[in-house]
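Enquirer: Below, each chain spelled out in residue letters.
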Amino acid sequence: MSIPFSAHGARFEIEFAPHLGLVTQVRQFVSTFYVQCLGDPEASSRIAVAAHELLENAVKYASHDHARIRILVERDQDGVHTVTIETRNHAAGENLRAVREALDELARGSDAMKSYLQMLERSARRTSGSGLGLGRVRAEADMTLSYEIRRDELTIRAQARLEPGAAK
Amino acid sequence: MTELSNLDVDTEALCVRASRVDVDGIQLALTGSAETPAYEALMTLVRRLQARAHAQRPSEVVVDLRELEFMNSTCIKTFVTWLSELRDADAVARYPVRFVFDPSKPWQRRTVGALKSFAPSVVIVAD
Chain R
1 MSIPFSAHGA
11 RFEIEFAPHL
21 GLVTQVRQFV
31 STFYVQCLGD
41 PEASSRIAVA
51 AHELLENAVK
61 YASHDHARIR
71 ILVERDQDGV
81 HTVTIETRNH
91 AAGENLRAVR
101 EALDELARGS
111 DAMKSYLQML
121 ERSARRTSGS
131 GLGLGRVRAE
141 ADMTLSYEIR
151 RDELTIRAQA
161 RLEPGAAK
Chain P
1001 MTELSNLDVD
1011 TEALCVRASR
1021 VDVDGIQLAL
1031 TGSAETPAYE
1041 ALMTLVRRLQ
1051 ARAHAQRPSE
1061 VVVDLRELEF
1071 MNSTCIKTFV
1081 TWLSELRDAD
1091 AVARYPVRFV
1101 FDPSKPWQRR
1111 TVGALKSFAP
1121 SVVIVAD
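As you go down the protein sequences, you meet chains R and P in turn. This note's numbering applies: residue 1 is where the first sequence begins, and numbers increase by one. This note's numbering applies: residue 1001 is where the second sequence begins, and numbers increase by one.
Treat the hints as calculated values from the structure; they're not laboratory data. Misleading hints may appear alongside valid ones.
Unchecked claim - Quick list of the computed label-pair ranges, beta carbon to beta carbon:
#1 Thr144/R to Ala1089/P: 35 to 45 Å
#2 Ser1104/P to His66/R: 30 to 40 Å
#3 Arg125/R to Pro1120/P: 17 to 27 Å
#4 Val1023/P to Thr84/R: 49 to 59 Å
#5 Arg122/R to Ser1121/P: 14 to 24 Å
#6 Ala1091/P to Arg125/R: 41 to 51 Å
#7 Ala107/R to Asp1127/P: 31 to 41 Å
#8 Ser1005/P to Gly21/R: 46 to 56 Å
Stated by the list, open to error - Straight-line distance between alpha carbons at most 25 Å, and here's what the computed PhoX-like set of lysine-lysine pairs gives:
#9 Lys114/R to Lys1105/P
#10 Lys114/R to Lys1116/P
#11 Lys1105/P to Lys1116/P
Even for Gly, the Cβ is constructed at its ideal location relative to N, Cα and C.
Input sequences plus hints: build the corresponding full structure.
Expert: Pasting the structure below:
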């Protein structure tokens, strides 16, 4: 069964109290939903990986009892799809600094896989946390990353264009 | 109980079964989903595997991911830690790690590809 695309694209958004169990549920839904929308397991897998990693970060580092994820797939006149995944949560100062450093480093690196391999090297020596989620979104899900910080509110946005023919 | 049963993992979402391959190889078959709650169990598995390999080096370790639905970055770190130690070990202590993946699960191809790039001297990829 395929899910038809509306003129507004295929959009999914939830606001929630942060909980790790939710991450798995959202990934499974997103994977199924977008494979039906796009008819493309490769694209759906990229979206699911990125949604999982971003949402897990939003849950782990949330300082308030409220967070949000929004996923939007739009199609332009040429049939090119653009996917945007956006998470928003409140976080403590040290976590905001850490995510800012990680995202700025990724933005400076022109080669996503090279940056990810550097993160893998560091991860092997870390005693807590993997530090890999954002690098994985960029390198494995092949998505660009940007962010906004307003006071203690963090918004991370991952975007990618899905090539024509990749979706039906 | 088998000689390799201390390498088995049973968590709510992840199951790992260890078995012999050929005479002195080891296979780890993962099923379910490897996410944050399974991290400690996977790290314990890696430590036990390394201790066993130190005492008796296996001809290879096969990591069969075909029945694994997903692995998050926290659990990828356990493989990165293991492969890093193996890659940096003396040649006599090294053994190959062969990842078997399901081509119909695109994330497996990408994740295994990254691990191959990370430790090319020890990782072998098969589908």
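Enquirer: Hints first: check each against the structure and report whether it holds.
Expert: Okay, the hints, checked on the actual structure:
Taken as a hint, the range 35 to 45 Å holds for the pair threonine 144/R and alanine 1089/P, whose Cβ atoms sit roughly 37 Å apart. The hinted window of 30 to 40 Å between serine 1104/P and histidine 66/R holds, with their beta carbons roughly 37 Å apart. Between arginine 125/R and proline 1120/P the Cβ separation comes to about 19 Å, which falls inside the hinted range of 17 to 27 Å. Checked against the hint of 49 to 59 Å, the pair valine 1023/P and threonine 84/R passes, with Cβ atoms roughly 53 Å apart.
Distance hint check for arginine 122/R and serine 1121/P: the Cβ-Cβ separation is about 19 Å, which falls inside the suggested range of 14 to 24 Å. Distance hint check: the CB atoms of alanine 1091/P and arginine 125/R are about 22 Å apart, inconsistent with the given range 41 to 51 Å. For the hinted restraint 31 to 41 Å between alanine 107/R and aspartate 1127/P, the CB-CB distance of approximately 33 Å keeps it satisfied. At about 29 Å, the beta-carbon gap between serine 1005/P and glycine 21/R misses the expected band of 46 to 56 Å.
Between the alpha carbons of lysine 114/R and lysine 1105/P the distance comes to roughly 23 Å, so the proposed pair stays at or under 25 Å and holds. Our distance criterion of 25 Å between C-alpha atoms is met by lysine 114/R and lysine 1116/P, whose separation comes to about 13 Å. For the proposed pair lysine 1105/P and lysine 1116/P, the alpha carbon gap of about 17 Å is at most 25 Å, so the pair holds.
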